[in-house]
Amino acid sequence: MAVKVLIVEDNPVARSFLCRVVRESFSDVIAITEAGDLESARQQIDLTGGPQGLHGTDPFKLLLVDLELPDGNGMDLLRELSHYPATKIVTTLYSDDDHLFPALQCGADGYLLKEDRFEVLVEELQKIVRGQPPLSPAIARRLLTHFRPGGGGEAAPSDSGFSTAGSFQSSRPVPIEKPLDHERLTPRESEVLTYLSKGFTIKEIASLMGIKWFTVNDHIKSIYKKLNVSSRAEAAVLASKQGLV
Amino acid sequence: MLLLAAVLAVVLLGLSYLLAQQPYLDARWRQEPPAAVQLLSSPLPALREFQGARLQRIAGAAGQSIDVDAGLLHRSARWSVDDRQRQRQLEQRLQLAKMLQQGPVSLHFGDRGSTELHPKPRGLLGLGFFYWVLNAAAMALVLTAAAVLRTEPKGRNLPYVLIALSQAANLVLIAVETLPGLGLPVWLGSMRAGWHGVLDLCSAAALVHLATLQPLRLPRGRWIATTAWTGCALLSLAVLQGVLPGAWWWTQAAMLACGAVTIALMTWSYSLEPNPFALLMRRLAAAAAVTLLLLSVAVLAADADPAVAQGDAALSSVAWYLFLATLILVLPVFSRVKPVMRELMLLAGTSTVVTSLNLLFSGLFGLSGTVALALSVFVALGAYAGTRRWLLQPVRGRHALGLDRMFGQLYRVLREVEARPRDSAELLTGLLRELFEPMQVHTLERPASRSRVLGEGSALLVPLPRIDAAHAPTSDGSIVLRFAEQGQRMFSRDDAQLCDRVVEQLRRAVAYDKAVERGRNEERARIAQDLHDDIGARLLTLMYQAQTPEMEDYLRNTLKDLKTLTRGLAASEHHLSHAAAEWKADIGQRLAAAQIELRWNLIYDRDVVLGVVQWSALTRVLRELVSNVVQHSCATQLELSIALDAGRLRLTLADDGIGRAPQRWSLGLGLGGVRKRVKLLGGDVQWRENGSAGIVCTVVVAELAGRDAARP
Numbered sequence: 001m002a003v004k005v006l007i008v009e010d011n012p013v014a015r016s017f018l019c020r021v022v023r024e025s026f027s028d029v030i031a032i033t034e035a036g037d038l039e040s041a042r043q044q045i046d047l048t049g050g051p052q053g054l055h056g057t058d059p060f061k062l063l064l065v066d067l068e069l070p071d072g073n074g075m076d077l078l079r080e081l082s083h084y085p086a087t088k089i090v091t092t093l094y095s096d097d098d099h100l101f102p103a104l105q106c107g108a109d110g111y112l113l114k115e116d117r118f119e120v121l122v123e124e125l126q127k128i129v130r131g132q133p134p135l136s137p138a139i140a141r142r143l144l145t146h147f148r149p150g151g152g153g154e155a156a157p158s159d160s161g162f163s164t165a166g167s168f169q170s171s172r173p174v175p176i177e178k179p180l181d182h183e184r185l186t187p188r189e190s191e192v193l194t195y196l197s198k199g200f201t202i203k204e205i206a207s208l209m210g211i212k213w214f215t216v217n218d219h220i221k222s223i224y225k226k227l228n229v230s231s232r233a234e235a236a237v238l239a240s241k242q243g244l245v
Numbered sequence: 246m247l248l249l250a251a252v253l254a255v256v257l258l259g260l261s262y263l264l265a266q267q268p269y270l271d272a273r274w275r276q277e278p279p280a281a282v283q284l285l286s287s288p289l290p291a292l293r294e295f296q297g298a299r300l301q302r303i304a305g306a307a308g309q310s311i312d313v314d315a316g317l318l319h320r321s322a323r324w325s326v327d328d329r330q331r332q333r334q335l336e337q338r339l340q341l342a343k344m345l346q347q348g349p350v351s352l353h354f355g356d357r358g359s360t361e362l363h364p365k366p367r368g369l370l371g372l373g374f375f376y377w378v379l380n381a382a383a384m385a386l387v388l389t390a391a392a393v394l395r396t397e398p399k400g401r402n403l404p405y406v407l408i409a410l411s412q413a414a415n416l417v418l419i420a421v422e423t424l425p426g427l428g429l430p431v432w433l434g435s436m437r438a439g440w441h442g443v444l445d446l447c448s449a450a451a452l453v454h455l456a457t458l459q460p461l462r463l464p465r466g467r468w469i470a471t472t473a474w475t476g477c478a479l480l481s482l483a484v485l486q487g488v489l490p491g492a493w494w495w496t497q498a499a500m501l502a503c504g505a506v507t508i509a510l511m512t513w514s515y516s517l518e519p520n521p522f523a524l525l526m527r528r529l530a531a532a533a534a535v536t537l538l539l540l541s542v543a544v545l546a547a548d549a550d551p552a553v554a555q556g557d558a559a560l561s562s563v564a565w566y567l568f569l570a571t572l573i574l575v576l577p578v579f580s581r582v583k584p585v586m587r588e589l590m591l592l593a594g595t596s597t598v599v600t601s602l603n604l605l606f607s608g609l610f611g612l613s614g615t616v617a618l619a620l621s622v623f624v625a626l627g628a629y630a631g632t633r634r635w636l637l638q639p640v641r642g643r644h645a646l647g648l649d650r651m652f653g654q655l656y657r658v659l660r661e662v663e664a665r666p667r668d669s670a671e672l673l674t675g676l677l678r679e680l681f682e683p684m685q686v687h688t689l690e691r692p693a694s695r696s697r698v699l700g701e702g703s704a705l706l707v708p709l710p711r712i713d714a715a716h717a718p719t720s721d722g723s724i725v726l727r728f729a730e731q732g733q734r735m736f737s738r739d740d741a742q743l744c745d746r747v748v749e750q751l752r753r754a755v756a757y758d759k760a761v762e763r764g765r766n767e768e769r770a771r772i773a774q775d776l777h778d779d780i781g782a783r784l785l786t787l788m789y790q791a792q793t794p795e796m797e798d799y800l801r802n803t804l805k806d807l808k809t810l811t812r813g814l815a816a817s818e819h820h821l822s823h824a825a826a827e828w829k830a831d832i833g834q835r836l837a838a839a840q841i842e843l844r845w846n847l848i849y850d851r852d853v854v855l856g857v858v859q860w861s862a863l864t865r866v867l868r869e870l871v872s873n874v875v876q877h878s879c880a881t882q883l884e885l886s887i888a889l890d891a892g893r894l895r896l897t898l899a900d901d902g903i904g905r906a907p908q909r910w911s912l913g914l915g916l917g918g919v920r921k922r923v924k925l926l927g928g929d930v931q932w933r934e935n936g937s938a939g940i941v942c943t944v945v946v947a948e949l950a951g952r953d954a955a956r957p
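Residue numbers (the working numbering), protein chains in the order written: chain R, 1 to 245; chain P, 246 to 957.
Check the hints yourself; a few may be wrong.
Listed below are the simulated DSS-like cross-link pairs for lysine-lysine, each with C-alpha atoms no more than 25 Å apart in a straight line [to be verified]:
#1 K198(R) <-> K4(R)
#2 K127(R) <-> K225(R)
#3 K759(P) <-> K127(R)
#4 K61(R) <-> K226(R)
#5 K127(R) <-> K61(R)
#6 K805(P) <-> K198(R)
Between beta-carbon pairs, the in silico distance windows are [to be verified]:
#7 G50(R) <-> G915(P): 32 to 42 Å
#8 K221(R) <-> S886(P): 30 to 40 Å
#9 R188(R) <-> R909(P): 49 to 59 Å
#10 R117(R) <-> S886(P): 21 to 31 Å
#11 R148(R) <-> A837(P): 26 to 36 Å
#12 L776(P) <-> K221(R): 32 to 42 Å
#13 R893(P) <-> E39(R): 53 to 63 Å
#14 Y799(P) <-> R148(R): 50 to 60 Å
The set of hints was computed from the structure by calculation and includes no laboratory data.
Positions of the beta carbon are idealized from the N, C-alpha and C atoms, including for glycine.
The whole structure should be built from the sequences, with the hints applied where relevant.
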């Protein structure tokens, strides 16, 4: 049975390029569904059991979502699909943490930069599917702030991206409750993040910490998961506060 | 406070009621020189036919009678210079009071005959306007004393309270004495004349005592105060016992002496600590003493000339007491009081001078009433104009900053605060220094909500605003300025208001600046986003459709440059450490793809903040240089060093590839761009051969104009 892949991308040239990348990356038989906007992407997902991936139908195994779509932001789709059982990857031109970090918070398992070379993209995609997502120094820095006690929730202002820089420097009230376990990083994970934020590669980190490189990758995966879980928990708290749940 | 006011009002009403029950003769009298009493007018029908007649004798129902002279009209015995005259005056008063108490009296008008009158109670309306005014002043004094005691219940305020209370008592006595018509209560008539003097002496001694305690506790002040008190007490005793001949002379002398001592003490205090309050008290004491001296001389002159009506002497003394009362009222709140109150005080002083001079002129020079009055008003106004400035100088300031200069300073500081909001506290302190020229400036941790005058105007508390706070005016502490204009001036409420406004303006200026900056950022972000989305997407399409790998790479680099450009537009600053981390990750990835090993060295003494220009220039220079290595060098290893030492940035890229003889390279688009950008940074780039294999490229920027990360 073919592995189902959904590519949401408005630029037809980019879409076919991404199709090539996907086909090159996996040896399985691939069935690619293409969508040019959010609307048709939602339709395709509804055909395969809806955003929850239920009814025992055959859901997509891999989703490639562009952030800038004609009828909205790809992040909205990611948010709707937070329980969808697929590997979700953001494909974008934006490499700054202001765009990528929220996408990761919405449940993306990794990101691909569209301007990268074909071979690089193939390698990155394989890594993500294997569970070795990329983490740029800027995003690592952002994660450190996010998981710092009292620094949770919103990401701290960063030095890059298109945010209105420096306008949100109000001091956040520190929560009295202790953060839950899934909101905290282990010392090892913090160490990995710190090295990543300084621009070290996985191999360098492994030798600096005296561990195997795949252990470093495990830490990164775990950090991704925690980010996802913590933002989902936050969303739930927020929703219950607003009487939505 | 309210309770006290109510009690006072009840007491006052009780006294008024008592006085209203008192029988009296409703008529207006005039002193006819030398000492006769003439009936001016009367609403009583029995007296109407005697208008203009001289009253010679009053006889009571029990057969007793008194011969009447002008002393009966002379209301306050305190200001009778002659002992015998005073004695006789008191006796007349007491006799008349007794007679009125007993029933009908008959008035004998010499050859015009006589008439019998039944004295009637005067009623509340018969108390006269003046009575209420004086009582109100007395009440105000008592309330002020109570307020001072309540806000600061300390021993050093007791002398002030004593002064206020004794003068309040004095005013009440005067109020009773100046009731219209003939006839005073028996209890007042039987009171010894000395009480006025005793109250005055008590005030004088308390004034000296006050001068030893405030504003500075003077060394050996206790001895000085004790001496003053002892002297005044002994003198009071003697006056009360009537054993001292020339009591009036003694009293006046003692009061003037106390005034002089106070002035001396204040001068001493000011030399010890230049508190403007001492300056003010010295001037006020001088004003009181000078007017008292003038009054004394005037009364003496009037006494020497029997042609002068005694009523004028009484009037001028009342004016002086009122002046004193206003002085006492404004003293504790001089810097904070409304200007109208100070003007009222000056007015009371001026009227004292007018009445005293009037007395003096008509007594000494025998000028007629109108001329004397006109002349004295003229002189007094002159004195007012001259004194006003001198007296108010501790409040107004000697050389207040000109408006234009002040505006200029304010504007300059505003500009500086906008440029350096973090130094706003320092700048504000500097501005306040220039505005007020204080002798001392202290910084307090304690925040304040608004500016306040402290210590009777000797100090001013100004909150230090947290200028970068968005909305709520929070305070980071406060500044205390002491002794404005080198101790020549007191801080006033206006100064506090001015400070509050200055602070508010500073805050607004910064808020405005921030709004502008935010607007600028938003605009830049929007432009960046447009560029990125629009041009970026097209470049990407072109890149996917590129026919050759070279074209593809060229477009990819263009796209990356565009991204660097837009990111530089959107973000205003980058820490060197953060930027370097990204450079390393990016370069590492690219070199790894080309199977070149990266050796990375980063050394910096300070983590400076790179501006947009520096960041994007360095990013693109590095990208171009690395591209060059990847494309042409066939190297296996690249050693990249970034060193920042005392503002000098040095980039070195050393590869082990095949490149040689860099002087013969033609500078294509890429390397030309590198040269251009390095020049833009104010630096220099050069290539040379790296030992036996490869090329070393060195970029040196002698002064990287980055800001210190610690103080972004």
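Now the hints, each set against the structure:
1. For the suggested pair K198(R) and K4(R), the alpha carbons sit about 38 Å apart, so the restraint of at most 25 Å is broken.
2. For the hint pairing K127(R) with K225(R), the CA-to-CA distance comes to about 16 Å; that is within 25 Å, so the pair holds.
3. For the suggested pair K759(P) and K127(R), the alpha carbons sit about 45 Å apart, so the restraint of at most 25 Å is broken.
4. For a cut-off of 25 Å, the pair hint linking K61(R) to K226(R) stands: about 21 Å separates their Cα positions.
5. Among the hinted pairs, K127(R) with K61(R) is consistent with the structure: their alpha-carbon atoms are about 15 Å apart, no more than 25 Å.
6. For the hint pairing K805(P) with K198(R), the CA-to-CA distance comes to about 21 Å; that is within 25 Å, so the pair holds.
7. The supplied range of 32 to 42 Å is broken by G50(R) and G915(P), whose beta-carbon atoms lie about 52 Å from each other.
8. For K221(R) paired with S886(P), a C-beta distance near 34 Å keeps the hint of 30 to 40 Å intact.
9. Our hint of 49 to 59 Å for R188(R) and R909(P) holds, since their Cβ atoms are close to 53 Å apart.
10. A hinted range of 21 to 31 Å holds for the C-beta pair R117(R) and S886(P), which are about 27 Å apart.
11. In this structure the supplied range 26 to 36 Å holds for R148(R) paired with A837(P), their Cβ-Cβ distance being about 31 Å.
12. In this structure the hint that L776(P) and K221(R) lie 32 to 42 Å apart at CB holds, the actual value being about 35 Å.
13. At roughly 57 Å, the beta carbons of R893(P) and E39(R) sit within the given window of 53 to 63 Å.
14. A hinted range of 50 to 60 Å for the beta carbons of Y799(P) and R148(R) is inconsistent with their spacing of about 42 Å.
In this structure, the hints that do not hold are numbers 1, 3, 7, 14, in rising order.
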